[in-house]
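Trainee: Chains as they are written, first to last, in our numbering: chain A, 1 to 396; chain B, 1 to 396; chain C, 1 to 396; chain D, 1 to 396.
Hints were generated in silico from the structure; no laboratory data involved.
Among the clues, some could well be false.
Identical copies carry no separate label here, and so any pair may be met within one copy or between two of them.
Derived EDC-like pairs: lysine to aspartate or glutamate, alpha-carbon spacing no greater than 16 Å straight-line [to be verified]: (1) 393 x 292; (2) 13 x 72; (3) 5 x 180; (4) 143 x 380; (5) 370 x 346; (6) 13 x 192; (7) 13 x 275.
Residues per chain are reported as follows:
There are 4 protein chains.
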Amino acid sequence: MDKAKVIRDPVHKDIFLSELEMRLVDTPEFQRLRRIKQLGVTNLVYPSANHTRFEHSIGAAHIAGRIIGRFDVGDAGEALRAAALLHDIGHGPLSHTSEELLKRHLDRSHEDATLSVIRESGIRDILSEYSVDPDVVLAILSKEHMLSGLISGEVDVDRMDYLARDAYHTGVAYGVIDMDRLVNTVELVDGDIVISQGGLRAVEGLLVARFLMTPTVYLHHTSRIADAMFLRATERAVEEGLLRLEDLMRMDDFDIQAMFRAAGGYVRHMGRRLEDRRLFKTAWFADETCGDEGLRESFYALMEDLGRWARLEVELAEDCGLEEGFVIVDITPRSRYEESNALIWDGEAARPVSMVSPIVRILQDTEASKWSVGVYAPQEHLERVRGICGNIKGYL
Amino acid sequence: MDKAKVIRDPVHKDIFLSELEMRLVDTPEFQRLRRIKQLGVTNLVYPSANHTRFEHSIGAAHIAGRIIGRFDVGDAGEALRAAALLHDIGHGPLSHTSEELLKRHLDRSHEDATLSVIRESGIRDILSEYSVDPDVVLAILSKEHMLSGLISGEVDVDRMDYLARDAYHTGVAYGVIDMDRLVNTVELVDGDIVISQGGLRAVEGLLVARFLMTPTVYLHHTSRIADAMFLRATERAVEEGLLRLEDLMRMDDFDIQAMFRAAGGYVRHMGRRLEDRRLFKTAWFADETCGDEGLRESFYALMEDLGRWARLEVELAEDCGLEEGFVIVDITPRSRYEESNALIWDGEAARPVSMVSPIVRILQDTEASKWSVGVYAPQEHLERVRGICGNIKGYL
Amino acid sequence: MDKAKVIRDPVHKDIFLSELEMRLVDTPEFQRLRRIKQLGVTNLVYPSANHTRFEHSIGAAHIAGRIIGRFDVGDAGEALRAAALLHDIGHGPLSHTSEELLKRHLDRSHEDATLSVIRESGIRDILSEYSVDPDVVLAILSKEHMLSGLISGEVDVDRMDYLARDAYHTGVAYGVIDMDRLVNTVELVDGDIVISQGGLRAVEGLLVARFLMTPTVYLHHTSRIADAMFLRATERAVEEGLLRLEDLMRMDDFDIQAMFRAAGGYVRHMGRRLEDRRLFKTAWFADETCGDEGLRESFYALMEDLGRWARLEVELAEDCGLEEGFVIVDITPRSRYEESNALIWDGEAARPVSMVSPIVRILQDTEASKWSVGVYAPQEHLERVRGICGNIKGYL
Amino acid sequence: MDKAKVIRDPVHKDIFLSELEMRLVDTPEFQRLRRIKQLGVTNLVYPSANHTRFEHSIGAAHIAGRIIGRFDVGDAGEALRAAALLHDIGHGPLSHTSEELLKRHLDRSHEDATLSVIRESGIRDILSEYSVDPDVVLAILSKEHMLSGLISGEVDVDRMDYLARDAYHTGVAYGVIDMDRLVNTVELVDGDIVISQGGLRAVEGLLVARFLMTPTVYLHHTSRIADAMFLRATERAVEEGLLRLEDLMRMDDFDIQAMFRAAGGYVRHMGRRLEDRRLFKTAWFADETCGDEGLRESFYALMEDLGRWARLEVELAEDCGLEEGFVIVDITPRSRYEESNALIWDGEAARPVSMVSPIVRILQDTEASKWSVGVYAPQEHLERVRGICGNIKGYL
């Protein structure tokens, strides 16, 4: 690889980018990622979590390069690094919130948006100019290429980078992963991406890291509240015509902030609450420790019926004498713990890590059994909402 | 100290805040600091440098608490921590740029702004409510208190925190300081803040760190260019009435961005350039290695006469056939290397570290001899500007 | 606390010791710990694992001081720090091996040895001289004091220090623990040592760290082999009168090495093998994955009958045509996972962490189900021993 | 490179060794390095400084491999890595002390010893077996090869590894170097080893690190005392026929310890003092701050005349009524600051870093001006020795 430029990264230290990669980084589409926080509103809980999709994308490309440098994949190497670099280029601002909005209202994922951006921008031509076939990059990002799993799979460069980076910037101790060992034990066997036996412990460490980071960071209860407030306010902005979801993939955190500040009513109110960190509080909460499987099923059914979910919130608000939007019902999405399907290669056969490792099996089961629902409301109305929620089953 | 809340910080790990401190943190004035990047545009060079004045302020309060916990200062301890927490509360967005603008056009410092914010906001009352005299806090921040030097002095908590934090978030190796040793060797002797003999090496380390961080981060040539572009664009925005400097201390990075995006002409153009990282390039450069002291003196004279400086830029631009604002003359401000006055206490007498340590004396001399001037212009006009600058002396 | 001296430690940075503590550290009994590697022969696997009981003991005292500094325990604070400092003072060289030898042949633990050393050396007087009651220190170390659990309990300063330190010196990523959070959430409630709710995640992290460190470091298969070779050679040395087990608690790594080098025959041979790292290899291996519970029970029965165990090895060796000592049967001792009994305090009641945390319950169960047996022999005889072991059940 | 084995190192994480390298590591000559502490008696000051020449040698080979992997040097790559691995294989125990003894009494360096060991052991054949010419390895280690400078030069892999490793194990903050940047900016230009412009700051950082590590660790006054005691005791042991200097390159720390313990009289006494850390104290001290250049010259003259130096110590001891060996005159050897000759390549010409960098020039000058002399004696005789030394000039 020609090494056109070096970028200093606190997680990986020196990262070398080729001339092609620098050209991609210098597009307005990629520069936009500088203005999208990796963890959205998490900085309201971990004040240093201000890192962005920009450095994460460069980090992912770096890890991809380290892995691919160990194989002979011919021209695919450059395409793979480019795919890693571009994997979040269609990501909207607001982190999870934008994903949720796209899914709910447009039935699109940010991966779809990424493909669109690549297809429709100058990125296509830049790739071609450097003899990298854009269709190979698109295939990798569409999970249709032999190497797709390195970008988005069980143990992929996206996850390796974000776990290490999120731990670094939050200061949480649990995201420490053995990057070196992971990078050095990924193998290509008969076209499958596997981890050799010597990397088993590192894979276990990665899965444990994700297991511990999930409640500590990704699903931290205060983050959930802020996220839920953000989501409701943004949905309202969409309804009021302040925001077109189709534009999300080209917007950044500044656009959203400007939209909130320019709005009136509920949207403005929620924007100010988030700026001043005057968050809603938890009025009611249930999770797997309550042992009520019927309750879980009711809420999972609700997740499939957005209309009914919205009406529930309205009813609860009305019965508390509150305006719409001041009672939020937040259902944590089903956990997918796909990493446990990562293949471990013992020199003869490849088996899922969940078969090889008892601890992974346990993490998988524990993850699968987790669910939680919270009802949030402003501090000053908490008691009232709490009272009404005593009979929440009656509303389901 | 009552420990009302713990905040996780990647530099210091667990930071405990008292109830009073949480009340201060929860004011809109303090929450604003979340939206002000510590290093302004430096993230265009070090992509992870997205940390903010918010976590820096909390970190400074933490260090202050560690130091003060070793002395018996009575009630002053709480006031000192509060002062450390609030020391940047009047800081405007844009980092150095806002300081420069205040100085040039209003002859104010961000320290003045900090005092105003405390005096005029609810912060005063919150302090009183917790029996901390606001006037003591103001005195500490005005350098009129015996302990002022801990907040802003030769070796102060501001510097300890920002060196460590800037190194952490840029990934640069040179900011590593021996925080433990510094905190443990600060002493109060006859009302003077001194460092005991055992901390000499740690002070040397701190000064070396700052010495190496300065060209690597704080005065990185690309940062200088971006800073200079920002400054010119903002000055133009002030001229065009888009921005009132008096408001700067209550604005954040989002306000500035919104202002740039809403503007037209030059301001808008420069805003887009900064967003897309299409920076000016260096057409001409001179520093202490050229040996021309007359040149240095000419530029230092120019720094004292803003009108003549502006005219110089206009003349250069005109002679290159460029519009005003497309040739920028950037003069690095005189270095102040005050840390070399830190007092080292050998058990009998306190002497400036520059007297005790040869390396510090050298760093001081080297710093003092440094100066540099750059002339920046768009890539596409670089050759023309370069030609004109061959005769830059003729313009001075 | 008076802070008489500061010691620089790579794990905890500055550690302050009082005058009393320095007096204890300066005794020949404590200085001996400099010459006892913390992890015995583990440096044959992790070359940097050369840290000693000396710095570990100082680290444990430091953590004890941090915790106790948060409570009001009156005079007990100094006794507790002294106990933490002295907790390994009777530890023999060879790490696990010496513990195993004491247990097998003298039915003593190294804790007993620690009590003897304190009672019989000048340490008693030094404690008294500084008004610390030696009997309180002895009570703490005998688990007869309210605070004993901090030194040796579910989540104790011994474990906190060694996990962090072993990870630091091996370079293994998994020992990272959230020391700050642990130290800050230990509480004394009604005389019980508990961890408050805010520390639950940190306790889980500690237990996961130990879970991952165990196979990676503590029971690494190559370490087990080296340990087993060491144990057999030392037992032979005892039989031959080259070593008195009663003296072990006053010996160091140099004494053992000198004994090996001065010996002849088997002991000398094994000593050289260990020096040159010509280790035995695994001829046969079984663990919980084989599903044969009868096998496990047979070996556990063998562990209780040292004579029969020794005869088994002799028989296996004879049938392979090898001399005694060249076939070693190594049975991993039953795991004790006592940390899962650590109490979590939710403000109202204290419950074992295994009840509160699903992941801990799983780790506990997994640990409990683990067992393993290896048969080791020299490389050159491996095939022969492998053949005989095909029928190992016949020997049990 | 075939990657036969991975070794976990706390400084570099995963280090891969080839089959040849593993064969070299597995020789008794190389395994001996496990038993030689990198920093000799420094662990009496920094308790965790127990790292050995073994892991340092492997680390140096690793850095060499990283650098050489960036060039096309044909077969020389393997020879260079082998040379880096073997560069300390003739190093005696006791660190500096053994070097000093070899120089004084045999006029040999440990580099000479390294060449002997390679020539006379099985290592020669192992190299040949893997088609690496032993004479090329010997040439590299004799500074007669184009690449010799990478192993022992201005900015070499030896120094890069030991600075980082010594900082890691002492816990001192100042040894932090930007390994990545150094490795990535070493270039081969016309057969010269140079550092490209982008690495200038990293070289400055390395030199500053060494500058700060020198007084803090390498010449720490307590280390100097312990070193001096060790040296005198060992010289006496040589005189008494307890030790043959010719054997030093095959001995380890255990041999020395055993020799001390088996000895009688002065040698035994000093051995016990070192074990129990009952060190001599400083009775008299002078360094460059005293401004007496005549004094410096007198001592430097003494360094050239070992006989006179020994007689001085005897005279001082006699006049204090002490036995020979209880007054030690310790002269710090002249500093060599060769790193300042490292070449910086600006794309057109290579110039010494001391010409390019003001800070390096200053460090060089400061280093050059440093000198110090200490007179050490047992605590109990300190006053008497102090009195006599008042007139030390009369003895010179």
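Trainee: Does each hint fit the structure? Answer for all of them.
Mentor: Checked hints:
| no. | hint | result |
| --- | --- | --- |
| 1 | 393 x 292 | within (11 Å within a copy, 49 Å between copies) |
| 2 | 13 x 72 | neither (25 Å within a copy, 24 Å between copies) |
| 3 | 5 x 180 | between (23 Å within a copy, 14 Å between copies) |
| 4 | 143 x 380 | neither (48 Å within a copy, 41 Å between copies) |
| 5 | 370 x 346 | neither (32 Å within a copy, 21 Å between copies) |
| 6 | 13 x 192 | neither (30 Å within a copy, 27 Å between copies) |
| 7 | 13 x 275 | neither (33 Å within a copy, 25 Å between copies) |
Of the numbered hints stated above, those contradicted by the structure are hints 2, 4, 5, 6, 7, listed in ascending order.
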